[in-house]
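Q: Listed here are the chains, written in short residue letters.
Protein chains: 4
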Amino acid sequence: MNFASDNTAPAHPRVMEALARANLAPTMPYGNDELTRAVETKIAALFERDAKVFLVSTGTAANALSLAAACPPWGVVYCHPESHIDDDECGAPEFYTGGAKLAGVEGASGKIDPAALEEALARAGAGVVHHAQPAVLSLTNATEAGTVYSPAEIARLAGIARAHRLKVHLDGARFANALVHQGCTPAEATWRAGVDILSFGGTKNGCLAVEAIVVFDPALADTLAFRRKRAGHLFSKQRYLAAQMDGYLENGLWLDLARRANAIAATLGAGLGSLPGASLVHKVEANEVFVDLPEAAIAAIEKAGFSVYRWNGPGTTRLRLVASWSSREDDAKRLVETARGRVPAAGR
Amino acid sequence: MNFASDNTAPAHPRVMEALARANLAPTMPYGNDELTRAVETKIAALFERDAKVFLVSTGTAANALSLAAACPPWGVVYCHPESHIDDDECGAPEFYTGGAKLAGVEGASGKIDPAALEEALARAGAGVVHHAQPAVLSLTNATEAGTVYSPAEIARLAGIARAHRLKVHLDGARFANALVHQGCTPAEATWRAGVDILSFGGTKNGCLAVEAIVVFDPALADTLAFRRKRAGHLFSKQRYLAAQMDGYLENGLWLDLARRANAIAATLGAGLGSLPGASLVHKVEANEVFVDLPEAAIAAIEKAGFSVYRWNGPGTTRLRLVASWSSREDDAKRLVETARGRVPAAGR
Amino acid sequence: MNFASDNTAPAHPRVMEALARANLAPTMPYGNDELTRAVETKIAALFERDAKVFLVSTGTAANALSLAAACPPWGVVYCHPESHIDDDECGAPEFYTGGAKLAGVEGASGKIDPAALEEALARAGAGVVHHAQPAVLSLTNATEAGTVYSPAEIARLAGIARAHRLKVHLDGARFANALVHQGCTPAEATWRAGVDILSFGGTKNGCLAVEAIVVFDPALADTLAFRRKRAGHLFSKQRYLAAQMDGYLENGLWLDLARRANAIAATLGAGLGSLPGASLVHKVEANEVFVDLPEAAIAAIEKAGFSVYRWNGPGTTRLRLVASWSSREDDAKRLVETARGRVPAAGR
Amino acid sequence: MNFASDNTAPAHPRVMEALARANLAPTMPYGNDELTRAVETKIAALFERDAKVFLVSTGTAANALSLAAACPPWGVVYCHPESHIDDDECGAPEFYTGGAKLAGVEGASGKIDPAALEEALARAGAGVVHHAQPAVLSLTNATEAGTVYSPAEIARLAGIARAHRLKVHLDGARFANALVHQGCTPAEATWRAGVDILSFGGTKNGCLAVEAIVVFDPALADTLAFRRKRAGHLFSKQRYLAAQMDGYLENGLWLDLARRANAIAATLGAGLGSLPGASLVHKVEANEVFVDLPEAAIAAIEKAGFSVYRWNGPGTTRLRLVASWSSREDDAKRLVETARGRVPAAGR
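Here the protein sequences line up with chains A, B, C and D, keeping their order.
Quick note on numbering: the numbering used here labels position 120 of the first sequence as 120, and the sequence is numbered without any gaps.
Quick note on numbering: the numbering used here labels position 201 of the second sequence as 201, and the sequence is numbered without any gaps.
Quick note on numbering: the numbering used here labels position 269 of the third sequence as 269, and the sequence is numbered without any gaps.
Quick note on numbering: the numbering used here labels position 31 of the fourth sequence as 31, and the sequence is numbered without any gaps.
Only chain A is shown next, with the shape it has when bound in the complex:
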């Protein structure tokens, strides 16, 4: 009954089994093992591309390493003001890049507005030595608002970026949730739409702690092995990262889990959004629901033992609910009914 964060979910049993399996087969350290190579190959195949793959244990590491590979110390990373890289990583991108700037570009529902991006780039002072230099566009999909960029939307933003010689990074901590909503292939959602480098999440969607940096632009891969090692993110027993990914990707488990989470979020969104006095803040497209609810409804939800997140702090009435692979449909329904009991009946 925890809808506060998808980080509260357990690892999926098949991921745990893959871990146990890997434990029976001791191998050479630091990623020089067959399982790691097999998983790297598998991910490249998944993306239909000769991509370079670097496994790490956290999303912050995946993002910060990706940005450092793409952005010089005097570069600017354009991102949504609510993006995780700017708001929630305690300056990791600045640390890893050696002091780049993150510049917020507005847009509704967590998506960067193309016109705002054009405008920001137009006044950036590219080539002028006094100004930090435009270097990277970083998108998040699914977004922090629970919405999803379509491949066409990504392509449009990436096209603007490319016209200004920026590289394009995609923070895919919830990439699976975006993908099942988009209904397209991993390739279509990334490099075919102009993405150069991807943080491909596993942790939130059924793993313990694993993310893959997937590099589509070969020029960005050269430094990553050294950057990862020197950041302390190359595991001596790298095979345990590979094992998680192995279980996660096998037989499409990752997509099944994301579908499950999205479906429950849809139930929550549809149910809560239709309540009198309630209103959805953003469209529910992935596994998150942002909804304004009457205080009485929230109080009832909390009293019933559901764990939810008051987005703007204690006492405020905007909730974020996150569904994970382990959330249960009947919990979601019960939460909606609990809330319904405390709102004025419709039509009165």
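The hints are simulated quantities; they were obtained by calculation from the structure and are not laboratory data.
What you are looking at is a predicted structure, and each value in this text was computed from that prediction instead of being measured.
Glycine is no exception: its CB is placed at the ideal position from the N, C-alpha and C atoms.
There could be a bad hint or two in this list.
[Said to hold, decoys possible] Simulated crosslink set (DMTMM-like; lysine to aspartate or glutamate; CA at most 25 Å straight-line):
id, chain 1, residue 1, chain 2, residue 2
1, D, Lys303, C, Asp33
2, D, Lys42, D, Glu250
3, B, Lys303, A, Asp33
[As the list claims (entries may be wrong)] Covered stretches of chain C (chain B as the covering partner; in silico rule of three or more C-beta atoms under 8 Å from a C-beta of chain B):
id, stretch
4, 61-75
5, 213-227
[Stated by the list, open to error] Sample of chain D residues facing chain C (criterion: CB under 8 Å; computed from the structure):
id, residue
6, Met1
7, Ala9
8, Asn32
9, Glu89
10, Thr338
Chain A is fixed; fit chains B, C and D onto it per the hints.
A: Then chains B, C and D, alone, in the frame of chain A:
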């Protein structure tokens, strides 16, 4: 039959069980969970000190974060020239500290010579603006040579450091192996001997990927939470780090495993060292054996399927053998016998 | 006839004379000379405080070193979105701090709005490990808009900062221009109003290249000598920086020069601001004038040989004019008359 | 009578005149002026190469920026253990590169031994992710020992470097002194011998504070404008740096001044070296003399009012004497005679 590295060993079944146990109890993310707190408390108790504890997933992260907490960007870290922090971390300490220098201080068998340390500090130019400033002494125990500092030896070096206002860091990637050889308490091997901050290893000795930064000097703890987060080393599911430590420490498992590894190394050392034409490079005190062997013996060992490490590269005849908790006594004996068959009989 | 920048002005003859004088008296290097000590003492006396003083050659160095002394790598520096540190230093603060964030806080005419600062700090997440931590408030006086904070305005903002445990930095590249407008003492304009560290400019107001970092909070001074050296900003012949400051401060030259510049800006502002079709963008308080003018007037000004700056790029009609100590009153008058000839007569 | 450091010398009158001349011609800021361009062109012509030139105010800045342009954060810079970049810049190269390592390579009299360099590179672990990566060879000419590399010696070391894909930096804080000793052209002493980037000194040899970064390898120039700005080393009144260089280079002044300094050092070296009980530590080739003298002789020198430097600290009897352009031949002779009066007559 792998004596090339202790990183090739599997995780111990009880560590895997602890992991599985933790997976059944979803909790709040980012270390705000009971298991993490319990493990932090357990480690502090183990060291008989109100120590602050920060779990991370790699030894490089533990070392680099510890050094960054203790050393300004213009500081000097004194360490053995063969130390892992200087030789094997691709500049992680330099990255995390913001550009500190690592200065090698010689000494036999991986241990820093007190006189050499005194001399290095005497000509360091403390307080002179042109020179990077002495800041940290970093010791490794067990050392990279498989030897072990006694508490008295640590205290002597730490005393010199303290007299020059340096902080003292201990790289304890193989702390358990050192401790069981010393036959003293964790406290005696660390803060009672003058250690301010410890990288307390788990990975090499039966875990998947976990190390604890144990901070004895409260002044060094203030920045670590931010440094860890911003380095991407705070897990969203931090409980999986805690679980490993939990299994590792329970009922003294960590010490049992280290004793086992040390015993097998002793078997290897005693057996190989007594062969005609062979000579041990260093005393065998922890779980590593450095030995010069006739090429015929090495060839036989390799042909028999043992994985060993030619320390100075292909074609050279100095071997490093590392025993882990999962090494087997009879493998060790067989390796010795294999070598014995290829050396000239003694006394002829 | 150059009103494009105060950086185009020559050094004042008395500054050049001080330089020549210093050249006759060779002394020990790296600031271990009497002149440097005398100037440091003189500046402290000027501020009526036992301040520590560090001379450097550029405003960017003064600002970046000051911020680095006051802000940890995971810190946030609050500043006006148009501030030089954020807009015009190519990420120098990020470089020197090791990756801090600069957060823009809005306010009219280049001055930070206290309510906006309160709001920014309220949602900053102080103490929460996921967020970069509030660390410094950086003000600019005179501002980038040519306006001037009063001591009371500084005190109000500094009070808010202090309540949130921030340090307060003042970018005083045009400190002299602010001071003569304020009509108060250097102490009143800085530490008595809550400023902890000041970039005290000389370059724009009659020197060749010298700025003083003046440290009022002793805790911020400890690291600066090392930071300056390691940044390559300690001159081996530091006496040439001291000499400039010596000539600049002698007999109040610095204030005389600022008065002269401000007076000419006032002439420009009053004259242009009263033209039909013209409007001043900000109050003219220091030595800069921002004015919207009809294109015909601007074209005439340019054709007459005046060098001015179209603030928003070629083709736009907002001008920035900067008066320096070497600007001439009759040039200013002639510029106004030139413009007047091209605007429709008033009252028609 | 100051032989303690060439930094104690005044600026040459013709440099001061060039500065005064530049002051009469106000120009656009930040190096967008004719004088700066003319000087950049003049330096390129001097080196017979389409070199990119970046003027800065200190040798530490020139070195650190050069190294940062050539070395990634995980790189290793090979240099002599006594080199200024390793010993006397408080970690500036580490700061500017973002954490590179400086590795000392031994050699007699301040010159790197080619065999030692070969050996260091052979065991560097190029391409292995655990080790910082060989990136730059940094030579100093004239060396810290007052000796001079011939073009052939430079070419040999640079050849080794190039074979390992290193870039070659030359710290030429005393480049003029080396050049007049070598009796070759600037091109022969640098890029024709394999140097990629040069710190070309002016400060010690008659300027106030100016050095030029001269980039022979075009690939190294791309980032330097941004690096310089962001380090606070682009002067708003860059013309004052250019003016110094202009006066310094005009009519071969720089070479005349270096010849003068070298000649006086030769007088000191020949005179002191021939005294009974004295011995020169290194050959005297540029403008520095290292000599072991009887204490009585040193005491007499000091008592006579000469300023000299006891190289190994107070009470030690190894002197470093540095001649500058402003040293006087008769002072040198008098110093020698003063010492001669206190040593036992030869042959007794």
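Q: Does each hint fit the structure? Answer for all of them.
A: Here's how the hints hold up against the structure:
{"no.": "1", "hint": "Lys303(D) <-> Asp33(C)", "in the structure": "holds (21 Å)"}
{"no.": "2", "hint": "Lys42(D) <-> Glu250(D)", "in the structure": "holds (10 Å)"}
{"no.": "3", "hint": "Lys303(B) <-> Asp33(A)", "in the structure": "holds (21 Å)"}
{"no.": "4", "hint": "61-75", "in the structure": "holds (count 3)"}
{"no.": "5", "hint": "213-227", "in the structure": "holds (count 4)"}
{"no.": "6", "hint": "Met1", "in the structure": "violated (10 Å)"}
{"no.": "7", "hint": "Ala9", "in the structure": "holds (6 Å)"}
{"no.": "8", "hint": "Asn32", "in the structure": "violated (10 Å)"}
{"no.": "9", "hint": "Glu89", "in the structure": "holds (7 Å)"}
{"no.": "10", "hint": "Thr338", "in the structure": "violated (21 Å)"}
Hint violations for this structure: numbers 6, 8, 10, all remaining hints satisfied.
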